Amino acid sequence: MRDDEIMLSVRNLKKYFPVERGIFRRAVDYIRAVDDISFEIRRGEIFALVGESGCGKTTTAKLIVRLIQPTGGVIFFYDKDISLLGRKDLARKVQIIFQDPFASLNPRLTIGTIVGEAVECRLEATGEKLKHGEIKEKTMELLSRVGLPVNILNEYPHQFSGGQRQRIGIARALAMEPELIVADEPVSSLDISIQAQILNLLLELRDSMGLSYLLIAHDLNIVRYLSDRVAVMYQGKIVEMGSVKKVYDEAEHPYTKRLIEAIPVPEPTAAE
Amino acid sequence: MLKIKDLSVDFYKGGKRIQALRNVSLNLKRNEILGIVGESGCGKSTLALSVLKLIPEREGKILSGEVLFKEEDLLKLSDERLLEIRGGKISIIFQDPFTSLNPVFRIGKQISESFALHRKEEPFTSRMDEEVIRLLELVKMPRPEDVIWSYPHQLSGGMQQRVMIAMALSSNPEILIADEPTTALDVTVQKEILDLLTELQKKLGLSILLITHDFGIVAQVCQRVLVMYAGIIVEEAFTHEIFRKPLHPYTRGLLESLPSRKGPVSSPRGEKRRLKAIPGQVPDPSNLPSGCKFHPRCPMVIDGCKPEEPVLREIAINHWVRCIRAG
Chain C
168 MRDDEIMLSV RNLKKYFPVE RGIFRRAVDY IRAVDDISFE IRRGEIFALV GESGCGKTTT
228 AKLIVRLIQP TGGVIFFYDK DISLLGRKDL ARKVQIIFQD PFASLNPRLT IGTIVGEAVE
288 CRLEATGEKL KHGEIKEKTM ELLSRVGLPV NILNEYPHQF SGGQRQRIGI ARALAMEPEL
348 IVADEPVSSL DISIQAQILN LLLELRDSMG LSYLLIAHDL NIVRYLSDRV AVMYQGKIVE
408 MGSVKKVYDE AEHPYTKRLI EAIPVPEPTA AE
Chain H
42 MLKIKDLSVD FYKGGKRIQA LRNVSLNLKR NEILGIVGES GCGKSTLALS VLKLIPEREG
102 KILSGEVLFK EEDLLKLSDE RLLEIRGGKI SIIFQDPFTS LNPVFRIGKQ ISESFALHRK
162 EEPFTSRMDE EVIRLLELVK MPRPEDVIWS YPHQLSGGMQ QRVMIAMALS SNPEILIADE
222 PTTALDVTVQ KEILDLLTEL QKKLGLSILL ITHDFGIVAQ VCQRVLVMYA GIIVEEAFTH
282 EIFRKPLHPY TRGLLESLPS RKGPVSSPRG EKRRLKAIPG QVPDPSNLPS GCKFHPRCPM
342 VIDGCKPEEP VLREIAINHW VRCIRAG
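Residue numbers (this note's numbering), protein chains in the order written: chain C, 168 to 439; chain H, 42 to 368.
In case anyone wonders, no lab produced these hints; they're calculated from the structure.
No more than 25 angstroms apart at the CA atoms, straight line, and that leaves these computed lysine-lysine pairs for PhoX-like:
1) Lys412/C with Lys317/H
2) Lys44/H with Lys70/H
3) Lys70/H with Lys94/H
4) Lys181/H with Lys424/C
5) Lys347/H with Lys57/H
6) Lys44/H with Lys130/H
This structure is a prediction, so every number in the text was calculated from the model and none was measured.
This is chain C alone, in the form it adopts within the complex (with noise of 0.2 angstroms):
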């Protein structure tokens, strides 16, 4: 596979949702979450969809990893229409991580049965067979890979800090050996001094596995800097897309404009 190849490829994508009404729930009108979006995103990208809330970024997010089906448009993994892949075939190509790392990993399993429930789901649906010592063993290797230390799983979630819960979700994520992870605000939720962490650990990830991402962000200067191409969401639709450097320094949607003005930036300005 060569790495300018298009991996995914989403083409006239749509999302409505009904306004429903009356006893029968008729339908009076449309919610255009996502209207009509098309992008490619390449072997090895990082992919940013920036908008503010309600522009439909996290919908498009839940459309490619199929927890919602679209109203209209077609999305392909590589020549296939993710359609007609069977669920487990999907989660083995695409996975995604959450915004909010409290919500997303049940309160009431240890983080080895978190982490390797998936393992287990990933031979399964490879075929291979593994006894018990070597799925605890692949579950040690996971989460070291992420920076957590291996004997914690007998523990339980709120034993741990936001950013460790972000790295186990990130570890349950690597175990199903996907080549394009969906992270959905993955660092909105954490301290500066973690965000940074978790930010370095997504592009080691990429150098170390070859990973691309598609990364849904609100924060333009993590975007910036973390990203290879940006598509700018407004509305359902997407107003400017290119390169990170051509939409930050030659935006030309005047959405685009005033979303970057608007970015706090950490040099001072204020009246002396």
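Dock chain H against the given chain C, drawing on the hints supplied.
Chain H in isolation, oriented as in the chain C frame:
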């Protein structure tokens, strides 16, 4: 304007004692926007609440210290006198405007209530409506005549925060405490609210204590800044000074871990780009390390950092830092 001296606050949770604030001292000057920056759990919100004695008695306790406003110690005032100052001379706005507004009353009624309370006037008169509209105009609310008849859920987050600011201003305060006022808002709305706060500060001669986790916000609106870590102040300086020459390793680490607008952009693929991260994590407030609270994460740590908490020293003019290795 406002002087805090050696304020210490403890919380009790599940039988454990949590040191939320330790010997915090600060001066808020007239016509100043003073920023307080730090990560979650550093005590910045506790500081805001303690100033107005808003710490619930069952959960926490102010151990020592003074909060002086015009020679009066707010912590020793009678409840009636405190009520006059709290929300009167000193107003506060919070992070989430939606939970701060009552969902079942119209906006006009809520503002006029706080207005009437502080001016000791009858609420809900037609003169009061005019005053409320004037306040909403002051905070640049679009179509204030319609907004007074709206319920909170009908307004966007930014408009709700404008309502909160209007309520806070209804008593003609001299000091405004803003606790993460824009954290729940989108960036473009955040900019509007910050612009509004700086404009109001100039127009009304307010002094603002702005609590935030975002150095970007500090850079744009604050003249001076205090950096907190694990309940103590680790650095204090003018904003341009702290960005130009951060002296505490924690401040430096925080500033370096921010992806700046200048840094390397979109380097070619394959090339390694990394942020400078601070290793480790914020200490458990019920089990703080000895000596300098930052020493387990500090890249410059030496043996001398471990036994004793360093004192806050003035290293350059008006630039204070709590680190034995600085200077």
